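J.: With my numbering applied, the sequence shown covers 1 to 390.
In short, the hints are calculated from the structure, not lab data. Zero decoy hints are in this set.
Label pairs and their calculated CB-CB ranges:
{"no.": "1", "residue 1": "R113", "residue 2": "G37", "range": "26 to 32 Å"}
{"no.": "2", "residue 1": "G213", "residue 2": "E344", "range": "32 to 38 Å"}
{"no.": "3", "residue 1": "A216", "residue 2": "A38", "range": "16 to 22 Å"}
{"no.": "4", "residue 1": "Y55", "residue 2": "G213", "range": "18 to 24 Å"}
{"no.": "5", "residue 1": "R353", "residue 2": "R181", "range": "19 to 25 Å"}
{"no.": "6", "residue 1": "T115", "residue 2": "Y210", "range": "22 to 28 Å"}
{"no.": "7", "residue 1": "E252", "residue 2": "E344", "range": "23 to 29 Å"}
{"no.": "8", "residue 1": "A237", "residue 2": "S334", "range": "43 to 49 Å"}
{"no.": "9", "residue 1": "G281", "residue 2": "R176", "range": "30 to 36 Å"}
{"no.": "10", "residue 1": "R338", "residue 2": "A38", "range": "51 to 57 Å"}
{"no.": "11", "residue 1": "Y210", "residue 2": "R113", "range": "27 to 33 Å"}
{"no.": "12", "residue 1": "P27", "residue 2": "L255", "range": "39 to 45 Å"}
{"no.": "13", "residue 1": "A232", "residue 2": "W328", "range": "29 to 35 Å"}
Computed from a predicted model, the values in this text were never measured in an experiment. For every residue, glycine included, the Cβ atom is placed at its ideal position computed from N, Cα and C.
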Amino acid sequence: MAPPRSSSGEPLENGAAVKDTDSESKPLTQLLSLVPGAARSAIGNLVAAVGQPTYRVDQIFDWMYARRARSFEEMTNLPSDLRERLIDEFTLTPACRSFEARSKDGTIKHLWRLTDDEEVESVLIPTPGRVTLCLSSQVGCALGCRFCATGDFGFRRHLDTGEIVAQFRDADRIAREVYGRPIGNLVYMGMGEPFANQEPVFESLEVIHYGFGLGARRITVSTVGIIPGILALAELAEPYRLAVSLHAPNHELRLRLVPIEQRYPIDELFAAVDEYQSRKGRRVTFEYTLIEGLNDAKDTARELVDLIGRRLVFVNLIPWNPIPSRNWRPSTASAARRFLSVLEDAGVPAAIRTPRGRDIAAACGQLRLERDLIGEPAPTAAPSRGQESA
Numbered sequence: 001m002a003p004p005r006s007s008s009g010e011p012l013e014n015g016a017a018v019k020d021t022d023s024e025s026k027p028l029t030q031l032l033s034l035v036p037g038a039a040r041s042a043i044g045n046l047v048a049a050v051g052q053p054t055y056r057v058d059q060i061f062d063w064m065y066a067r068r069a070r071s072f073e074e075m076t077n078l079p080s081d082l083r084e085r086l087i088d089e090f091t092l093t094p095a096c097r098s099f100e101a102r103s104k105d106g107t108i109k110h111l112w113r114l115t116d117d118e119e120v121e122s123v124l125i126p127t128p129g130r131v132t133l134c135l136s137s138q139v140g141c142a143l144g145c146r147f148c149a150t151g152d153f154g155f156r157r158h159l160d161t162g163e164i165v166a167q168f169r170d171a172d173r174i175a176r177e178v179y180g181r182p183i184g185n186l187v188y189m190g191m192g193e194p195f196a197n198q199e200p201v202f203e204s205l206e207v208i209h210y211g212f213g214l215g216a217r218r219i220t221v222s223t224v225g226i227i228p229g230i231l232a233l234a235e236l237a238e239p240y241r242l243a244v245s246l247h248a249p250n251h252e253l254r255l256r257l258v259p260i261e262q263r264y265p266i267d268e269l270f271a272a273v274d275e276y277q278s279r280k281g282r283r284v285t286f287e288y289t290l291i292e293g294l295n296d297a298k299d300t301a302r303e304l305v306d307l308i309g310r311r312l313v314f315v316n317l318i319p320w321n322p323i324p325s326r327n328w329r330p331s332t333a334s335a336a337r338r339f340l341s342v343l344e345d346a347g348v349p350a351a352i353r354t355p356r357g358r359d360i361a362a363a364c365g366q367l368r369l370e371r372d373l374i375g376e377p378a379p380t381a382a383p384s385r386g387q388e389s390a
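Start from the sequences and build out the full structure, keeping to the hints where you can.
T.: What follows is the structure, given as structure tokens:
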């Protein structure tokens, strides 16, 4: 009889994984890293090789995508010998939910521990009628935006396609359990710059859209201004949305906040935005972090109005989330309202984003940064779930 195995395919001995030389010589295929067509082909080949009927492929797909299965052991309507072969050949990229924090406003932040013990963050944000997930595309970030917690601990590595998709799958299971509804919007605004990890990000878009069935118009990719990535997104057939982390209306000020401005200056960035809009005909969101005395003056708002012109945009004004390495302060509520009124008076659609999850360090990179600095997560508004798998 075959030894028991973990959901990642490793043999178990007294409940612990042991080395399998066959597995080491032949790495397991990550099904979540394959676009649905390639996944169907790989599964179909295995099903045929073991003499199972072709409808088993549809059953496996139903478990993977519709039921959000995290392991092959969950697929109880499959014969046990087929499940064993799936375990021998594939992995569903199980992620360990190493920490969960729940805010008083309903926001839930997770740290996910990866197979190499690195951690990334995702955030579930409930609003009336929908749930939004903010997920990560890299462990850390190399771009070093001055206002961002993720930039403070630098870049560790890219996430592969399966690691990106697994955040969506596992968070969606939690959303259904906690909020009673699935994820309805997805934003690539967590740790990392999506266009610096373009191939896995684009593959994850395809898996989440065509495999898990989330509409392309419900998915937004946010960039700090990587022009080749914006142009590549514009070339995709699907109408994925674009958000740009802008934060300043001119080259000199933006360079103080966003170092990549040196490589991709704001005039070239706006030309890329124009190209995206000419191809997609879709509104672009500009994210603008408000920092007291730095980028929140009325004259700065007027300059932003002139820069935007008649473009089809929406401006998200975001009070800055403080981080230990900066002695800045968020703009006051009155300064934020003054900035907003300049935009509105000029006919630019805009809003001040209501901060969510501040009591659980829910801004990008904050929870991971606190973990790195003090060795434990930030205080939570509800009991955490330490060392718990999703």
